[in-house]
Amino acid sequence: MVRITTITIGSGLGLALFAASAQAEWTVNLTPGVTDVSRSVFDLHMTIFWICVAIALVVFGVMFWSIFHHRKSRGAEAHNFHENTVVEVIWTIIPLLILVGMAVPATATLVKMYDSSEAELDVQITGFQWKWRYDYLDHNLDFFSNLSTPREQISNEADKQEHYLLEVDRHLVLPVDTKIRFLLTSNDVIHSWWVPALAVKKDAIPGFINEAWTVIDEPGIYRGQCAELCGQDHGFMPIVIEAVSRDDFQQWLADARADKQRVTAAAERTWTLDELMQQGEQVYLRACAACHLPTGEGVPGAFPALKGSAIATGEVAAHIDIVLNGKSGTAMQAFRDQLSASELAAVITYERNAWGNSLGEAVSPAQISRLLEPTTGEAEQ
Amino acid sequence: MSDKPTLWQTLLSVLSSFFGVQSERNRERDFHGGHPVHYILTGLLMAALFVIAVILLVRWALSLAGA
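As you go down the protein sequences, you meet chains Z and X in turn.
Note that the working numbering has the first sequence beginning at 1, numbered continuously upward.
Note that the working numbering has the second sequence beginning at 1, numbered continuously upward.
Hints may be right or wrong, so weigh each one.
Claimed, not checked - Interface residues of chain Z toward chain X, partial, derived using beta-carbon atoms under 10 Å:
1) Val89
2) Thr92
3) Ile93
To be clear, the hints were calculated from the coordinates, so they are not data collected in a lab.
Here the structure is a predicted model, which means the values were calculated and not measured.
C-beta atoms are modelled at their ideal positions from N, C-alpha and C, and glycine is treated no differently.
Please construct the entire structure, taking both the sequences and the accompanying hints into account.
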């Protein structure tokens with residue numbers, strides 16, 4: 001029995017070691033990151049680490065030496081005394097000096113971290129259950145960034161890829177060598193926007209605006225996650241930053257704005273039922289399937305089924321209303337600002353014609369865009 | 001032993017309580033001859049001075065960073 005257990009543990013350990021070596025970039029230490037601040041944080045971390053190592057060596061060194069040197073077999077006898085003011089003062093002053101010594105560089109780094117003045121670019125980051133919205137203030141551009149890892153990988157029906165749960169449909173594109181200010185807030189519960197390579201980890205709190213900033217040195221892809229438990233899909237709202245040169249950023253901005261206009265224009269033309277169903281399925285899997293499931297069956301007791309439901313097979317106005325405006329007191333969000341008119345029309349059409357729901361009618365994007373007009377993003381600003 | 005602690009001794013006792021270390025001899029003296037109100041008042045005064053010192057320290061640190 002004992003032998004079997006040992007073998008099992010042994011092979012388990014072997015597997016664990018193999019798995020660890022298979023992940024080439026896996027390290028135990030903090031990342032030095034790609035910004036001036038992240039490098040200061042890393043240096044601070046290493047400085048304090050080595051101070052701790054030195055303290056441990058001295059304290060345990062003296063302890064072990066004393067135990068060994070004054071052992072009983074050598075005839076050592078305990079010296080009984082109650083207190084010694086001098087020794088107490090010494091062991092209070094030394095830690096005090098060490099703490100002050102650590103506080104000086106730590107304060108310098110903190111002051112730097114909090115100085116978000118003179119930023120060239122402002123990006124508002126809003127946390128949603130469970131996605132991020134990025135708003136390029138002054139550039140009339142905003143979009144949602146959703147998890148793009150396929151459902152099959154999450155449910156183990158397909159192999160997990162390299163960036164499993166760390167990939168999104170739209171990257172937060174940022175220019176390098178530019179001071180960028182992040183304004184963080186939330187639409188529902190407290191989230192936390194965390195990108196280790198930038199050494200930025202800041203809470204996104206509903207009703208508050210927190211500030212952070214960065215200047216990225218090197219172009220590249222930097223990944224992060226939500227760092228504040230925010231509900232069911234807390235682990236499914238990653239952050240992906242794509243840092244590009246300043247010229248590429250201007251080009252990207254122009255392209256993204258042109259795309260946005262094309263989407264708005266697309267709502268004006270007439271869509272066929274097939275087109276709507278096709279796009280609707282994509283939108284559904286991206287925006288709805290997390291709760292209502294790809295099969296439309298929902299989760300009994302938590303998220304209602306859409307398959308054969310009263311709303312998805314009933315009056316179209318009520319269906320449009322709940323998708324656009326959500327339902328307060330439940331997890332059902334308002335999607336009017338999250339999806340474009342054509343996406344909304346497509347997904348509603350899809351829900352009314354999929355999984356055996358067969359109303360055969362199409363909701364047109366033009367119909368939705370008329371409903372969106374009074375409170376679209378631009379009107380609010 | 002029953003001598004009353006002087007103002008200076010009271011101050012030193014309060015400061016050593018801030019520091020967290022006091023000799024047994026001083027403790028005996030304080031508890032035999034001292035009056036609690038003196039220590040409380042000195043303590044409040046020193047706490048206020050400590051807060052002011054921290055405020056000044058932070059201002060100084062921020063002014064260094066701003067420069």
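Outcome of the hint check:
1. For Val89 (chain Z), the shortest C-beta to C-beta distance to chain X is roughly 5 Å, which falls under 10 Å, so the interface hint holds.
2. Checking Thr92 (chain Z) against chain X: minimum C-beta separation of about 6 Å stays under 10 Å; hint holds.
3. This hint holds: Ile93 (chain Z) has a C-beta 9 Å from the nearest C-beta of chain X, less than the 10 Å allowed.
Hint check: no violations occur; every hint is consistent with the structure.
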